[in-house]
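In this note's numbering, the protein residues as written are 1389 to 1823.
Since the hints were made in silico from the structure, they are not lab data. Backbone N, C-alpha and C define an ideal beta-carbon position, used for all residues, glycine too. Some hints here could point you the wrong way.
What the hints assert, rightly or not - Label-pair distances were calculated between CB atoms; the ranges are:
| # | residue 1 | residue 2 | range |
| --- | --- | --- | --- |
| 1 | Pro1482 | Ala1746 | 47 to 53 Å |
| 2 | Pro1456 | Thr1786 | 42 to 48 Å |
| 3 | Glu1715 | Pro1803 | 37 to 43 Å |
| 4 | Gln1800 | Gly1533 | 53 to 59 Å |
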Amino acid sequence: MSTPLSIEVSCDLPTEIDLRLPGGETSGHVVDSEAPLRLKGERAYICHGHDASVEVESASLGWAERVPISGLNGIPQCDLMLREGATAVLWTGPQMALRDVFAGRALGWVNWKRQPDGTVPGLSVWSFVEGQPLPVKGWGDGVGGLLGGLTHFRPGGEYLVVSDVERAWTFPRPATTRSVFEDAQVVSFYGYPGVPAMGVLGHGTPAEVANSVAEWAAHYDMLNGPREVIPAYHLITGVAQAYPTRDGTWLSRLSHDVIAEYVEAARERDMILFLDVQIGWSDPLAEVQLLEPFLREPFVHMALDPEFATEHLGVRPGLAIGGIWGEQINEVQHYLATLVEEEGDIPPKILMVHQFAAKMIQNRSDVVDVEGVEVMIDMDGFGTARLKLRHYDWYALTAPSERPALKLFFDQDTPVMTPEEVQALDQVPDLIMYQ
1389 MSTPLSIEVS CDLPTEIDLR LPGGETSGHV VDSEAPLRLK GERAYICHGH
1439 DASVEVESAS LGWAERVPIS GLNGIPQCDL MLREGATAVL WTGPQMALRD
1489 VFAGRALGWV NWKRQPDGTV PGLSVWSFVE GQPLPVKGWG DGVGGLLGGL
1539 THFRPGGEYL VVSDVERAWT FPRPATTRSV FEDAQVVSFY GYPGVPAMGV
1589 LGHGTPAEVA NSVAEWAAHY DMLNGPREVI PAYHLITGVA QAYPTRDGTW
1639 LSRLSHDVIA EYVEAARERD MILFLDVQIG WSDPLAEVQL LEPFLREPFV
1689 HMALDPEFAT EHLGVRPGLA IGGIWGEQIN EVQHYLATLV EEEGDIPPKI
1739 LMVHQFAAKM IQNRSDVVDV EGVEVMIDMD GFGTARLKLR HYDWYALTAP
1789 SERPALKLFF DQDTPVMTPE EVQALDQVPD LIMYQ
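All chains, please: the whole structure from these sequences, using the hints.
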């Protein structure tokens, strides 16, 4: 849908320029005569029949130019560019609710927002109605009262889509049962809401974190060829405690209301959400079952952290490296597979298990292949790149791991591997997680 660009602008004289990308807003920059202006990761939204060019203008020099974007291989990145003003649309797709037509990444990663009622600021849809006292009905920003009432696009219907700015629009795609990783890598931010020490997800609101992880996803998207990159939240929902809890699990659970905020944020931005349980003295399957309402969503997946599963050691979480058994992983797999079967047209569930020591997964060879579930081992340790990659080879790239994952630590890795280094690996991870 969108293409990350590298842009360089040079000029013999210092000057101010305006830069406009397809489907994006105009941005102002200063070009120094001593060195070119270099921008990376800027995103263009390029559609069927749309001029794939960058517009550059300097009012002070009286100069303007349109520069074609290279390297697109002729592949359109979205379906339609909604121009500023009114765009006539003949809908030939299936009947679809308007709030779904403009959901997900329908209007791009960067310049797309929705209001609580599902409408988009500055956008409305209108339909002419014959034989009614009012000849039109509408849906969207500021539409209400007698003019409201339009709820769906219907096959063969003719509509006017009115927008206050030019927007790239990608039509909703049918539900898929393909694995997320067939067409994409995933870049995720790990943590607990409001607690920065537990990971980068805790550094902001769901919207702020989504914007940050989208920037990192865009960087990887520039490096991995035709494969897409999907941003993700990795939300700790069960936190191991240093003191016993009333139920004896040594776990503090995130409220369902807070989890729901991240579910809706992921839905709005077409992201993936991992729910992570640190297990404590609880049973993995029991903790996963508590999250069932969320796991029925096609974009919500599960992660288990055996490090804090210490009941078999007789010590509280954090005093020793814990572990779970292959049979317990199988129980969770079969449960997730049941949800996939019951829900129907949804992708396989991803079951991530963190590992940086052999004892974290006892009886690894007992883990079986379950249809509808992909087991992903995340190499979870921090330190030097050499040590990290050795353990990545041992744990993430060997059975029962079907999809390799690599966790990078902003504060504890020495140094943090760059996206270029990650993508240069012989076996590139399907998921890159940042803590």
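The hints, checked one at a time:
1. Between Pro1482 and Ala1746 the beta carbon distance is about 51 Å. The supplied range of 47 to 53 Å therefore holds.
2. A beta carbon spacing of about 46 Å between Pro1456 and Thr1786 agrees with the range 42 to 48 Å that was offered as a hint.
3. Under the hint 37 to 43 Å, the C-beta atoms of Glu1715 and Pro1803, about 39 Å apart, fit the expected range.
4. Between Gln1800 and Gly1533 the beta carbons are some 56 Å apart, a value that agrees with the proposed interval 53 to 59 Å.
Hint compliance for this structure: no hint is broken.
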